[in-house]
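Asker: Chains as they are written, first to last, in the UniProt record's numbering: chain A, 1 to 287; chain B, 1 to 236.
No wet-lab data here; the hints were simulated from the structure. Here the structure is a predicted model, which means the values were calculated and not measured. A hint or two may mislead.
[Claimed, not checked] Calculated pairs, SDA-like style, for lysine to any residue (alpha carbon to alpha carbon, straight line, at most 25 Å):
{"hint": "1", "chain 1": "B", "residue 1": "K154", "chain 2": "A", "residue 2": "G163"}
{"hint": "2", "chain 1": "B", "residue 1": "K125", "chain 2": "B", "residue 2": "I170"}
{"hint": "3", "chain 1": "B", "residue 1": "K179", "chain 2": "B", "residue 2": "R203"}
{"hint": "4", "chain 1": "B", "residue 1": "K154", "chain 2": "A", "residue 2": "Y72"}
{"hint": "5", "chain 1": "B", "residue 1": "K179", "chain 2": "B", "residue 2": "R127"}
{"hint": "6", "chain 1": "B", "residue 1": "K179", "chain 2": "B", "residue 2": "E225"}
{"hint": "7", "chain 1": "B", "residue 1": "K154", "chain 2": "A", "residue 2": "Y160"}
{"hint": "8", "chain 1": "B", "residue 1": "K125", "chain 2": "A", "residue 2": "G163"}
{"hint": "9", "chain 1": "B", "residue 1": "K199", "chain 2": "B", "residue 2": "T25"}
{"hint": "10", "chain 1": "B", "residue 1": "K179", "chain 2": "B", "residue 2": "D23"}
{"hint": "11", "chain 1": "B", "residue 1": "K125", "chain 2": "A", "residue 2": "T162"}
{"hint": "12", "chain 1": "B", "residue 1": "K154", "chain 2": "B", "residue 2": "A134"}
{"hint": "13", "chain 1": "B", "residue 1": "K154", "chain 2": "B", "residue 2": "A166"}
{"hint": "14", "chain 1": "B", "residue 1": "K179", "chain 2": "B", "residue 2": "R211"}
{"hint": "15", "chain 1": "B", "residue 1": "K154", "chain 2": "B", "residue 2": "T108"}
{"hint": "16", "chain 1": "B", "residue 1": "K154", "chain 2": "B", "residue 2": "S136"}
{"hint": "17", "chain 1": "B", "residue 1": "K154", "chain 2": "A", "residue 2": "F159"}
{"hint": "18", "chain 1": "B", "residue 1": "K154", "chain 2": "B", "residue 2": "P178"}
{"hint": "19", "chain 1": "B", "residue 1": "K125", "chain 2": "A", "residue 2": "F159"}
{"hint": "20", "chain 1": "B", "residue 1": "K125", "chain 2": "B", "residue 2": "P218"}
{"hint": "21", "chain 1": "B", "residue 1": "K154", "chain 2": "B", "residue 2": "R171"}
{"hint": "22", "chain 1": "B", "residue 1": "K179", "chain 2": "B", "residue 2": "E85"}
{"hint": "23", "chain 1": "B", "residue 1": "K154", "chain 2": "B", "residue 2": "K199"}
{"hint": "24", "chain 1": "B", "residue 1": "K154", "chain 2": "B", "residue 2": "P218"}
{"hint": "25", "chain 1": "B", "residue 1": "K199", "chain 2": "B", "residue 2": "L120"}
{"hint": "26", "chain 1": "B", "residue 1": "K125", "chain 2": "A", "residue 2": "R184"}
{"hint": "27", "chain 1": "B", "residue 1": "K154", "chain 2": "B", "residue 2": "G14"}
{"hint": "28", "chain 1": "B", "residue 1": "K199", "chain 2": "A", "residue 2": "R161"}
{"hint": "29", "chain 1": "B", "residue 1": "K179", "chain 2": "B", "residue 2": "M208"}
{"hint": "30", "chain 1": "B", "residue 1": "K154", "chain 2": "A", "residue 2": "L157"}
{"hint": "31", "chain 1": "B", "residue 1": "K125", "chain 2": "A", "residue 2": "L157"}
{"hint": "32", "chain 1": "B", "residue 1": "K179", "chain 2": "B", "residue 2": "D119"}
{"hint": "33", "chain 1": "B", "residue 1": "K199", "chain 2": "A", "residue 2": "G163"}
{"hint": "34", "chain 1": "B", "residue 1": "K125", "chain 2": "A", "residue 2": "G165"}
{"hint": "35", "chain 1": "B", "residue 1": "K154", "chain 2": "B", "residue 2": "E225"}
{"hint": "36", "chain 1": "B", "residue 1": "K125", "chain 2": "B", "residue 2": "I173"}
[Claimed, not checked] Reference excerpt, derived from the structure (chain B facing chain A, CB under 8 Å, subset only):
{"hint": "37", "residue": "P71"}
{"hint": "38", "residue": "P73"}
{"hint": "39", "residue": "M76"}
{"hint": "40", "residue": "A77"}
Quick reminder that beta carbons are idealized off the backbone N, C-alpha and C, glycines included.
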Amino acid sequence: MNWLDTIVQGILLGGLYALFAAGLSLVFGIMRLVNLAHGDLIVLAAFLLLVLVSALGLNPFVAALVALPVMYAIGWGLQFLVLNRTIGDDILPPLLVTFGLSVVIQNALLQGFSADSRRVPVGALESASLQIGPISVGTMPLFTFLSAVGVIVGLNLIFYRTGLGRAFRATSDDRATAGLMGIRADRIFATATGLAMVVVTIAALFLGTRANFDPTMGPARLIYAFEAVIIGGLGSFWGTLAGGVIIGVAQTLGAAINPEWQILAGHLAFLLVLLVRPRGLFPRALD
Amino acid sequence: MALLETQGLTAFYGDFQALFGVDITLDAGETVAIIGANGAGKSTLMRSMSGMIANAAGQVRFEEREIGALPAPDVMALGIAMVPEGRKLFPSLSVEENLLIGRYGRATAGAWSLQTVYDLFPVLKERRNSPGTALSGGQQQMVAIGRALMSNPKVLLCDEISLGLAPVIIRDIYAAFPKIRAEGASIVIVEQDIGQALKVADRLYCMMEGRVTLSGTPASVGRDEIHAAYFGAHTA
Numbered sequence: 001m002n003w004l005d006t007i008v009q010g011i012l013l014g015g016l017y018a019l020f021a022a023g024l025s026l027v028f029g030i031m032r033l034v035n036l037a038h039g040d041l042i043v044l045a046a047f048l049l050l051v052l053v054s055a056l057g058l059n060p061f062v063a064a065l066v067a068l069p070v071m072y073a074i075g076w077g078l079q080f081l082v083l084n085r086t087i088g089d090d091i092l093p094p095l096l097v098t099f100g101l102s103v104v105i106q107n108a109l110l111q112g113f114s115a116d117s118r119r120v121p122v123g124a125l126e127s128a129s130l131q132i133g134p135i136s137v138g139t140m141p142l143f144t145f146l147s148a149v150g151v152i153v154g155l156n157l158i159f160y161r162t163g164l165g166r167a168f169r170a171t172s173d174d175r176a177t178a179g180l181m182g183i184r185a186d187r188i189f190a191t192a193t194g195l196a197m198v199v200v201t202i203a204a205l206f207l208g209t210r211a212n213f214d215p216t217m218g219p220a221r222l223i224y225a226f227e228a229v230i231i232g233g234l235g236s237f238w239g240t241l242a243g244g245v246i247i248g249v250a251q252t253l254g255a256a257i258n259p260e261w262q263i264l265a266g267h268l269a270f271l272l273v274l275l276v277r278p279r280g281l282f283p284r285a286l287d
Numbered sequence: 001m002a003l004l005e006t007q008g009l010t011a012f013y014g015d016f017q018a019l020f021g022v023d024i025t026l027d028a029g030e031t032v033a034i035i036g037a038n039g040a041g042k043s044t045l046m047r048s049m050s051g052m053i054a055n056a057a058g059q060v061r062f063e064e065r066e067i068g069a070l071p072a073p074d075v076m077a078l079g080i081a082m083v084p085e086g087r088k089l090f091p092s093l094s095v096e097e098n099l100l101i102g103r104y105g106r107a108t109a110g111a112w113s114l115q116t117v118y119d120l121f122p123v124l125k126e127r128r129n130s131p132g133t134a135l136s137g138g139q140q141q142m143v144a145i146g147r148a149l150m151s152n153p154k155v156l157l158c159d160e161i162s163l164g165l166a167p168v169i170i171r172d173i174y175a176a177f178p179k180i181r182a183e184g185a186s187i188v189i190v191e192q193d194i195g196q197a198l199k200v201a202d203r204l205y206c207m208m209e210g211r212v213t214l215s216g217t218p219a220s221v222g223r224d225e226i227h228a229a230y231f232g233a234h235t236a
């Protein structure tokens, strides 16, 4: 067994988990909303890509470009029309509503697409790989990881270098005072969820092209996303990437020892980090 | 014609009535002080005028437009900026970001910009990259005032800006008001520090238990009258 190879594969897998988690981290960071339908929204986006690829014959990457504004609009509308009504001092309503949404999305996808597992074909890229020294790196896993880094850099730039990012942080700090600055919190929240759905679409591209997916696999993606966010520390995007990588490496190491240990090893790594650093590795100072 | 006025303004917190038919006016270029003891309804009046509390539409008018029912972002976009009680800086934002966010909903060009706010309060330029909440109370108040000025408002509402600050700091902050007035903003100041308020105000209103009990110019109202209106005591 080549440990170095295993760790590299784990890091690349961590990129996928970071993509799952980044949207969740964004939404939680701004409005303290835990979206239990996040994993199902990833699967929904994967089916949207599948439809665009199979019905219109688009290249998956072009299909993703088409799906991005559609998913942004879905996220914006979902937040503005539904989830904003659940946000308040009580944390239970958003949990109940997003849990219900998760059930609705899963069943709608089962109705529309059956329980069969699907895959978005990417042709020759599926098996393409690069040889770096002794390690063989799959081209798509490498794309996945680089996309995750790109998404994290992009979110950080938006958050800390733009007027929209200032409005995100100000609204997160104090919604009433943000209103005095002319910030409409309901629209800021809708924009944040729209942005999270853009990240979800990128995650769906790599989920759907990497392996088979079916309508019921969303909740497990949600768990990985949660663990990555919490390992990284709430509100830190780089922490979310680190969290994804830790879960990815733990899973591939676990699988290398015994294939049955893959999922368990990821969860154990999560519990271990919680034991040592209950607030995550890079908690935001003010939370 | 009044720039900003309330007519028969009432306000409630649940069943509790905080304002009982308050009439005040602010003319263009004027500075009006609203004084009164704790619980007199001063802050409720400010929150009503800034849109933080929704009222009946016609009870607050700005440039002859009914704004009583508008939410805070809409009121702010019309040109009414508020310096809230307790300063309320955004902890996640640096000093400069706190100033910049002040023009999010109204990026009107005018006398006030980052540069002119830094000219008004030079210490803020030195601390521009610090978190807003790392500053002293007086400096935080300067950020809060600067933040409100950044939108080049027509009306500046200042709620209890001297609260919790040392007298020497309060003097420094009030020293900025002539300059703010000179650039054209009309100002409403809510204060418990009567002496400071009367120094900068053209007119004053005194409130007690949700009603205006006295109004006039600082020169026309006597110390005893203010005392009576403030505390409800009857003078001989």
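Asker: All hints, please: hold or fail.
Answerer: Comparing the hints with the structure gives:
no.: 1; hint: B:K154 - A:G163; in the structure: 23 Å, holds
no.: 2; hint: B:K125 - B:I170; in the structure: 20 Å, holds
no.: 3; hint: B:K179 - B:R203; in the structure: 18 Å, holds
no.: 4; hint: B:K154 - A:Y72; in the structure: 37 Å, violated
no.: 5; hint: B:K179 - B:R127; in the structure: 22 Å, holds
no.: 6; hint: B:K179 - B:E225; in the structure: 31 Å, violated
no.: 7; hint: B:K154 - A:Y160; in the structure: 30 Å, violated
no.: 8; hint: B:K125 - A:G163; in the structure: 20 Å, holds
no.: 9; hint: B:K199 - B:T25; in the structure: 19 Å, holds
no.: 10; hint: B:K179 - B:D23; in the structure: 28 Å, violated
no.: 11; hint: B:K125 - A:T162; in the structure: 20 Å, holds
no.: 12; hint: B:K154 - B:A134; in the structure: 30 Å, violated
no.: 13; hint: B:K154 - B:A166; in the structure: 29 Å, violated
no.: 14; hint: B:K179 - B:R211; in the structure: 32 Å, violated
no.: 15; hint: B:K154 - B:T108; in the structure: 11 Å, holds
no.: 16; hint: B:K154 - B:S136; in the structure: 28 Å, violated
no.: 17; hint: B:K154 - A:F159; in the structure: 30 Å, violated
no.: 18; hint: B:K154 - B:P178; in the structure: 15 Å, holds
no.: 19; hint: B:K125 - A:F159; in the structure: 23 Å, holds
no.: 20; hint: B:K125 - B:P218; in the structure: 35 Å, violated
no.: 21; hint: B:K154 - B:R171; in the structure: 24 Å, holds
no.: 22; hint: B:K179 - B:E85; in the structure: 22 Å, holds
no.: 23; hint: B:K154 - B:K199; in the structure: 21 Å, holds
no.: 24; hint: B:K154 - B:P218; in the structure: 23 Å, holds
no.: 25; hint: B:K199 - B:L120; in the structure: 20 Å, holds
no.: 26; hint: B:K125 - A:R184; in the structure: 29 Å, violated
no.: 27; hint: B:K154 - B:G14; in the structure: 32 Å, violated
no.: 28; hint: B:K199 - A:R161; in the structure: 42 Å, violated
no.: 29; hint: B:K179 - B:M208; in the structure: 31 Å, violated
no.: 30; hint: B:K154 - A:L157; in the structure: 33 Å, violated
no.: 31; hint: B:K125 - A:L157; in the structure: 24 Å, holds
no.: 32; hint: B:K179 - B:D119; in the structure: 11 Å, holds
no.: 33; hint: B:K199 - A:G163; in the structure: 38 Å, violated
no.: 34; hint: B:K125 - A:G165; in the structure: 22 Å, holds
no.: 35; hint: B:K154 - B:E225; in the structure: 31 Å, violated
no.: 36; hint: B:K125 - B:I173; in the structure: 16 Å, holds
no.: 37; hint: P71; in the structure: 7 Å, holds
no.: 38; hint: P73; in the structure: 5 Å, holds
no.: 39; hint: M76; in the structure: 4 Å, holds
no.: 40; hint: A77; in the structure: 5 Å, holds
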